Amino acid sequence: MAPCFMKYEKFNSNNQKYPKIRLLKVISIAIIMLIVSCVDNSEDITSMKCGDIESLEKMPWFKTRFESIKNIPQSAVILYRYNSEEVIEFQSSLMSSTNQSQYFCNGTRLVLDDPLVYQEFLKNRTKVKELFGVSLWGL
131 MAPCFMKYEK FNSNNQKYPK IRLLKVISIA IIMLIVSCVD NSEDITSMKC GDIESLEKMP
191 WFKTRFESIK NIPQSAVILY RYNSEEVIEF QSSLMSSTNQ SQYFCNGTRL VLDDPLVYQE
251 FLKNRTKVKE LFGVSLWGL
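Per this note's numbering: the sequence shown = residues 131 to 269.
Treat the hints as calculated values from the structure; they're not laboratory data.
Do not rely on the hints blindly, as some may be mistaken.
Claimed, not checked - Below, computed lysine-lysine pairings styled on DSBU-like, alpha-carbon distance capped at 35 Å:
1) K259 - K193
2) K200 - K188
3) K179 - K259
4) K257 - K188
5) K188 - K259
6) K179 - K193
7) K150 - K193
8) K257 - K200
Owing to the predicted nature of the structure, the values given are computational and were not obtained by experimental measurement.
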């Protein structure tokens, strides 16, 4: 019985470092995976340049345009990304044109007078969020 016990002790004492190192590696990998998996890549309105509807309403250029459509039953404010820029589009059933109501976050109008430029805008824009109402034009 003594030789078996001694062999066990000898085996255990020789390999005592290795289980600790393996455990440390496993814990390190688990921590790294936990940190990496917690990164949120989804687009959040707070990370956008334009902000949300409440912060936009404080800007005079936005407030003026928003006030003109907000009480119209069929109206919307949509945030798009176009050519790496954020573009706010005002939509209303009373508007006679769909290419005259796109603005950058600073209030500068995106000029889409040329039909080809407007078609490019429609083709290459990405909807980020409906800031107000529901998109009517569906373009």
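The hints, checked one at a time:
Note on K259 and K193: the hinted pairing holds, with a Cα-Cα distance of about 18 Å set against a maximum of 35 Å. A distance of roughly 15 Å separates the Cα atoms of K200 and K188; the hinted pair therefore holds under the 35 Å criterion. Restraint check: the Cα-Cα separation between K179 and K259 comes to about 13 Å, which is no more than 35 Å; the hinted pair holds. With a CA separation close to 23 Å, the supplied pair K257 and K188 stays within the 35 Å bound.
In summary, the hint linking K188 to K259 is supported, as the alpha carbons are separated by about 19 Å, within the 35 Å threshold. Note on K179 and K193: the hinted pairing holds, with a Cα-Cα distance of about 17 Å set against a maximum of 35 Å. Restraint check: the Cα-Cα separation between K150 and K193 comes to about 63 Å, which exceeds 35 Å; the hinted pair is violated. For the hint pairing K257 with K200, the CA-to-CA distance comes to about 20 Å; that is within 35 Å, so the pair holds.
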